[in-house]
Structure formats: C-alpha cells, structure tokens
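Student: For reference, each letter of the sequence shown is one residue, going 1 to 214 in my numbering.
Hint data in this document are derived by calculation from the structure and do not stem from the laboratory.
Model, not experiment: these values are computed from the prediction.
One should not assume that every hint holds.
[Stated by the list, open to error] Listed next, with one range per pair, are the computed distances between beta-carbon atoms:
| no. | residue 1 | residue 2 | range |
| --- | --- | --- | --- |
| 1 | T146 | K168 | 50 to 58 Å |
| 2 | V139 | D53 | 17 to 25 Å |
| 3 | R86 | K168 | 48 to 56 Å |
| 4 | N198 | V139 | 20 to 28 Å |
| 5 | K88 | V64 | 38 to 46 Å |
| 6 | H178 | I70 | 20 to 28 Å |
| 7 | E96 | I166 | 41 to 49 Å |
| 8 | F94 | A208 | 34 to 42 Å |
Heads up, the beta-carbon is just placed ideally off N, CA and C, and yes, glycines get one too.
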Amino acid sequence: MFKYIDKYIFGIYPGLAVLIILMILFISGVCRAEERYIVGKGGIYSPSGGLADYDFEEGSAGEVAVGQEITSAIAIEGGLGYIQTRAKYEVEDFMEEDRITIIPVTLTLKMFVPISDKFKAYTGGGVGLYHAELESDFVVLGEKDTVNASDDVLGVHAVMGVNYIINKRIWAGVEARHIWTEDAEAVLTPFGYPNDVNSDLNGWTMSAVFGVMF
1 MFKYIDKYIF
11 GIYPGLAVLI
21 ILMILFISGV
31 CRAEERYIVG
41 KGGIYSPSGG
51 LADYDFEEGS
61 AGEVAVGQEI
71 TSAIAIEGGL
81 GYIQTRAKYE
91 VEDFMEEDRI
101 TIIPVTLTLK
111 MFVPISDKFK
121 AYTGGGVGLY
131 HAELESDFVV
141 LGEKDTVNAS
151 DDVLGVHAVM
161 GVNYIINKRI
171 WAGVEARHIW
181 TEDAEAVLTP
191 FGYPNDVNSD
201 LNGWTMSAVF
211 GVMF
C-alpha cells in the first residue's frame, strides 16, 4: 500500500495533497482545537458500474481522514484511501487475472444530526481524485505474460453513516459511501498486442469507523 501512497502524493498529484492539507489547517486555525479529529475506516468495496460488468469481485477498502468540525452540525474531512478488487477469466487454454488498486484522495463535507445522547447520524458528499493501477496476468497455451497500466480520474461521492459516542473524544460507527468516477483508460499489451481497456470505478464501500478528537 505504501508504495502507491508515496507515488500518488509525491509524484502524481502533489498540488491536490497540499490543497487539502492547507484547507484543513485553515479551518483548524479558525476553530477550537478540540474540534479536530482523525478517523480510520476499514471494510469492503463492491463494484457497481463498469467493473461489475467486467465481473470484478467484492474487494477491500480503507481510509484515513483528518477532519475539522466547523459547527456541531458540519464538518469537513480530507482523506487518503485504498481500494483493491480483482477478476479472473478462464476458457480452455486462456486465462486472465486482473487486479486493480485504487488510491483515492478526497475532500468531504458532512452534516450531522443527533439521534440521542449516544448516537449521531450524518450524510454528505464530496469530490476526489482516483489513481487506478491495473496489473493483469495472461496465460495462453502455456505461455505467460504480465502487463501493467494506470490512469487518474476525477470523481464524486456521497456518504451516510451513524456514530456511537463512546465519550467526548472517542467514537465508533459504520459508514456507507458510493463513488462515481470518469472512465479510467489504459492500453494493455499482452504478448506485444495492444488492447484498449476502459471503465469507471463506480462502487460502494461499507466501512467500520473509529474516530478520536485531538
């Protein structure tokens, strides 16, 4: 995971990372320190668009986000995520196995609604940049080849979730997110033959959440 994070932050979109950090720092500067938080998320990713049409399976998803409460009902989060999914095709003397790793860098606005003293629901949405790495293994008549391709696309997302308030500084919860992106495009060249591929990265993530105020 860390080789993708290093490449994404420092090689492909350094301006976006700096912008998200500056926005969080600016909001942190005009709000009380105790309203800052960090949250970790881990769960599953389920393709719902083009990847589902290509029979990609349910995979894993995670995110680390830094947030700032603007008011008791509104917060903004900058997040760095990780998604992985795969697909496999076999017909007689042909086999293809594909693995996609997606690194999202996102900015999300959340709106909170207290349900009780212990539970707080929220909804919201945001924008992001998604770096997709595709690695494909081919076996044809016993001959093997591995090829790689990558692309970067814009996307939007919607979130909803509920948190259980453990105490004033710690909470746990669950979150659902739907992602919509542009089509990622690449050219694979198994055995030297070019093959154009394209698909959106649309899908659902369902995550367990743990957050801490700092």
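Student: If a hint holds in the structure, say so; if it does not, say that too.
Tutor: Taking the hints in turn, this is what the structure says about them:
1. T146 x K168: 50 to 58 Å: holds (51 Å)
2. V139 x D53: 17 to 25 Å: holds (23 Å)
3. R86 x K168: 48 to 56 Å: Once the Cβ atoms are compared, 42 Å apart, the range 48 to 56 Å for K168 and R86 is violated.
4. N198 x V139: 20 to 28 Å: About 24 Å separates the Cβ atoms of N198 and V139, which means 20 to 28 Å holds.
5. K88 x V64: 38 to 46 Å: For K88 and V64 the Cβ distance comes to about 30 Å; the hint is violated.
6. H178 x I70: 20 to 28 Å: holds (24 Å)
7. E96 x I166: 41 to 49 Å: holds (46 Å)
8. F94 x A208: 34 to 42 Å: holds (39 Å)
Of the hints listed earlier, those the structure fails to meet are numbers 3 and 5, in rising order.
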